[in-house]
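On the provided structure of chain A, position chains B, C and D as indicated by the hints.
There are 4 protein chains.
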Amino acid sequence: MDFSAIVARQIGADERRGFPVHFGSDAERHDQLVRDLVGLIGEIGEFANELKKVGLRLNNPKYTGPSLGEAAPHLREELADAAIYLFRLSTILGGDLERDILSKMDINDDRYRKLER
Amino acid sequence: MDFSAIVARQIGADERRGFPVHFGSDAERHDQLVRDLVGLIGEIGEFANELKKVGLRLNNPKYTGPSLGEAAPHLREELADAAIYLFRLSTILGGDLERDILSKMDINDDRYRKLER
Amino acid sequence: MDFSAIVARQIGADERRGFPVHFGSDAERHDQLVRDLVGLIGEIGEFANELKKVGLRLNNPKYTGPSLGEAAPHLREELADAAIYLFRLSTILGGDLERDILSKMDINDDRYRKLER
Amino acid sequence: MDFSAIVARQIGADERRGFPVHFGSDAERHDQLVRDLVGLIGEIGEFANELKKVGLRLNNPKYTGPSLGEAAPHLREELADAAIYLFRLSTILGGDLERDILSKMDINDDRYRKLER
Numbered sequence: 001m002d003f004s005a006i007v008a009r010q011i012g013a014d015e016r017r018g019f020p021v022h023f024g025s026d027a028e029r030h031d032q033l034v035r036d037l038v039g040l041i042g043e044i045g046e047f048a049n050e051l052k053k054v055g056l057r058l059n060n061p062k063y064t065g066p067s068l069g070e071a072a073p074h075l076r077e078e079l080a081d082a083a084i085y086l087f088r089l090s091t092i093l094g095g096d097l098e099r100d101i102l103s104k105m106d107i108n109d110d111r112y113r114k115l116e117r
Numbered sequence: 001m002d003f004s005a006i007v008a009r010q011i012g013a014d015e016r017r018g019f020p021v022h023f024g025s026d027a028e029r030h031d032q033l034v035r036d037l038v039g040l041i042g043e044i045g046e047f048a049n050e051l052k053k054v055g056l057r058l059n060n061p062k063y064t065g066p067s068l069g070e071a072a073p074h075l076r077e078e079l080a081d082a083a084i085y086l087f088r089l090s091t092i093l094g095g096d097l098e099r100d101i102l103s104k105m106d107i108n109d110d111r112y113r114k115l116e117r
Numbered sequence: 001m002d003f004s005a006i007v008a009r010q011i012g013a014d015e016r017r018g019f020p021v022h023f024g025s026d027a028e029r030h031d032q033l034v035r036d037l038v039g040l041i042g043e044i045g046e047f048a049n050e051l052k053k054v055g056l057r058l059n060n061p062k063y064t065g066p067s068l069g070e071a072a073p074h075l076r077e078e079l080a081d082a083a084i085y086l087f088r089l090s091t092i093l094g095g096d097l098e099r100d101i102l103s104k105m106d107i108n109d110d111r112y113r114k115l116e117r
Numbered sequence: 001m002d003f004s005a006i007v008a009r010q011i012g013a014d015e016r017r018g019f020p021v022h023f024g025s026d027a028e029r030h031d032q033l034v035r036d037l038v039g040l041i042g043e044i045g046e047f048a049n050e051l052k053k054v055g056l057r058l059n060n061p062k063y064t065g066p067s068l069g070e071a072a073p074h075l076r077e078e079l080a081d082a083a084i085y086l087f088r089l090s091t092i093l094g095g096d097l098e099r100d101i102l103s104k105m106d107i108n109d110d111r112y113r114k115l116e117r
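Protein chains in written order, with my numbering: chain A, 1 to 117; chain B, 1 to 117; chain C, 1 to 117; chain D, 1 to 117.
Don't take each hint at face value.
[To be verified] SDA-like, lysine to any residue: derived pairs with alpha carbons at most 20 Å apart:
(1) K114/A / N60/D
(2) K104/D / R111/C
(3) K104/B / R17/A
(4) K62/D / A27/C
(5) K114/A / K53/D
(6) K62/C / D26/D
(7) K62/A / A13/C
(8) K62/A / Q32/C
(9) K53/D / D26/C
(10) K53/D / K62/C
(11) K62/D / R113/A
(12) K104/C / A5/D
(13) K62/C / R17/A
(14) K104/D / R17/C
(15) K114/C / F19/D
(16) K53/A / N49/C
(17) K53/D / Q32/B
(18) K114/D / T64/A
(19) K62/C / P20/A
(20) K62/B / R111/C
(21) K62/D / G18/B
(22) K62/A / N108/D
(23) K114/C / T64/B
(24) K104/D / E70/C
(25) K53/D / F19/B
(26) K104/B / T64/A
(27) K104/D / A13/C
[To be verified] Beta-carbon label-pair distances, calculated as ranges:
(28) M1/A / A5/C: 55 to 63 Å
(29) D26/C / A5/D: 43 to 51 Å
(30) K114/B / G69/D: 54 to 62 Å
(31) P73/C / A5/D: 18 to 26 Å
(32) E116/A / D96/B: 23 to 31 Å
(33) A5/D / G69/C: 22 to 30 Å
(34) R111/C / T64/D: 25 to 33 Å
(35) G69/C / E116/B: 28 to 36 Å
(36) S67/C / N59/A: 34 to 42 Å
If you are wondering where the hints come from, they were derived from the structure by calculation, not from laboratory data. We put the beta carbon where it would ideally sit given N, CA and C, even for glycine.
Next comes chain A alone, as it looks inside the complex:
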């Protein structure tokens, strides 16, 4: 599915649910960015906590945490949640995340050419 269509689906749902992305002032826009950044950190923190448990089990035979295979569905769900916050943050900033990612890939193609094998 088209990247920008996925973003548009999320933003439309957010607006119906009372999580706006359009604001009348930079102060309001800033405050929403900060709130969504807090949400993003929460999702990445959940990813980190689950990955920590996997690492403890790999390194410590006494620890009864999940294997990486067992944790993978949860870890993937957290990445999806994090992506949804990126969609919101980008839209509040007036950005086009698809275009911004493709532009950054072009920059990286130049920057890392010397590392290519």
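This is chains B, C and D only, laid out in the frame that chain A set:
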């Protein structure tokens, strides 16, 4: 552009540059996930630092930071960098980020129906 | 209680529990720093998730989250957990966190003198 | 130096510089917590970025990043900055970080007794 095609472009470039996503053991897979999580945190930290400066200027007339409009291109670039790390983390986990995002949106459609106006 | 004595209590307990802070190579030292950074992100993520719920309740009358007073004990516990990770990270780096904090306060005293009222 | 005296020094300096920790409403208190959380994420992100460079050099002979020894002073400074944000967040929450850390260490002493060697 198709979401999954964008992910595939990034992963192909990473592999040519010596940043692998396929591993022979869960221990190696875990170690790369941890390294990419560190990279993700770095990008989100840069986003946070720039957003902090915007907030200080909005709240403190003595502070000479960027306006939100001035900071937006930098902020958007950090979001693109963060998205690229999500592509890597998802792929290392054997995930399909496009599908995982769409599945999560379906779940959220059910969960948040009561908030819809 | 003395800052450095609190750090020493934690590091002593960690070593008894098999969470080392001394290593024979930079590669091992780096790997433990990365693991502890993941743990730190997990704690800050829990703080962020709880604070997000407080914000949703403050901004959204339909949302049944905790008040700030109700959330404060949990939030404070996450800060304590985060501090404990800072103790570990500092010690693995051969640092003296008390001294490093006091040095940074001296630097900030110079830097922010113009903001003082 | 006493842990709580170090916290008090920082909070006193913050108040002189116009970074308050006392507020008249939970809404204002929440907004400041969110702003300080953003600051904390920024510091941890700088730590992560520096640690990432160390890891790239350790794992990739083509990469010209700092050694762990070269990066350690910068990494330690970021930890001090992060600690200062924890002081602020704890104080805004009406907490006593020293007491909260010691309480958490007591809890961990019980919880991890079975891991002790």
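Results for each hint:
no.: 1; hint: K114/A / N60/D; in the structure: holds, 13 Å
no.: 2; hint: K104/D / R111/C; in the structure: violated, 34 Å
no.: 3; hint: K104/B / R17/A; in the structure: holds, 16 Å
no.: 4; hint: K62/D / A27/C; in the structure: holds, 17 Å
no.: 5; hint: K114/A / K53/D; in the structure: holds, 17 Å
no.: 6; hint: K62/C / D26/D; in the structure: holds, 18 Å
no.: 7; hint: K62/A / A13/C; in the structure: holds, 17 Å
no.: 8; hint: K62/A / Q32/C; in the structure: holds, 18 Å
no.: 9; hint: K53/D / D26/C; in the structure: holds, 13 Å
no.: 10; hint: K53/D / K62/C; in the structure: violated, 45 Å
no.: 11; hint: K62/D / R113/A; in the structure: holds, 12 Å
no.: 12; hint: K104/C / A5/D; in the structure: holds, 15 Å
no.: 13; hint: K62/C / R17/A; in the structure: holds, 11 Å
no.: 14; hint: K104/D / R17/C; in the structure: holds, 16 Å
no.: 15; hint: K114/C / F19/D; in the structure: holds, 13 Å
no.: 16; hint: K53/A / N49/C; in the structure: holds, 19 Å
no.: 17; hint: K53/D / Q32/B; in the structure: holds, 14 Å
no.: 18; hint: K114/D / T64/A; in the structure: holds, 13 Å
no.: 19; hint: K62/C / P20/A; in the structure: holds, 16 Å
no.: 20; hint: K62/B / R111/C; in the structure: holds, 14 Å
no.: 21; hint: K62/D / G18/B; in the structure: holds, 10 Å
no.: 22; hint: K62/A / N108/D; in the structure: holds, 17 Å
no.: 23; hint: K114/C / T64/B; in the structure: holds, 13 Å
no.: 24; hint: K104/D / E70/C; in the structure: holds, 19 Å
no.: 25; hint: K53/D / F19/B; in the structure: holds, 14 Å
no.: 26; hint: K104/B / T64/A; in the structure: violated, 28 Å
no.: 27; hint: K104/D / A13/C; in the structure: holds, 12 Å
no.: 28; hint: M1/A / A5/C: 55 to 63 Å; in the structure: holds, 57 Å
no.: 29; hint: D26/C / A5/D: 43 to 51 Å; in the structure: violated, 35 Å
no.: 30; hint: K114/B / G69/D: 54 to 62 Å; in the structure: holds, 56 Å
no.: 31; hint: P73/C / A5/D: 18 to 26 Å; in the structure: holds, 24 Å
no.: 32; hint: E116/A / D96/B: 23 to 31 Å; in the structure: holds, 26 Å
no.: 33; hint: A5/D / G69/C: 22 to 30 Å; in the structure: holds, 27 Å
no.: 34; hint: R111/C / T64/D: 25 to 33 Å; in the structure: holds, 30 Å
no.: 35; hint: G69/C / E116/B: 28 to 36 Å; in the structure: holds, 30 Å
no.: 36; hint: S67/C / N59/A: 34 to 42 Å; in the structure: holds, 40 Å
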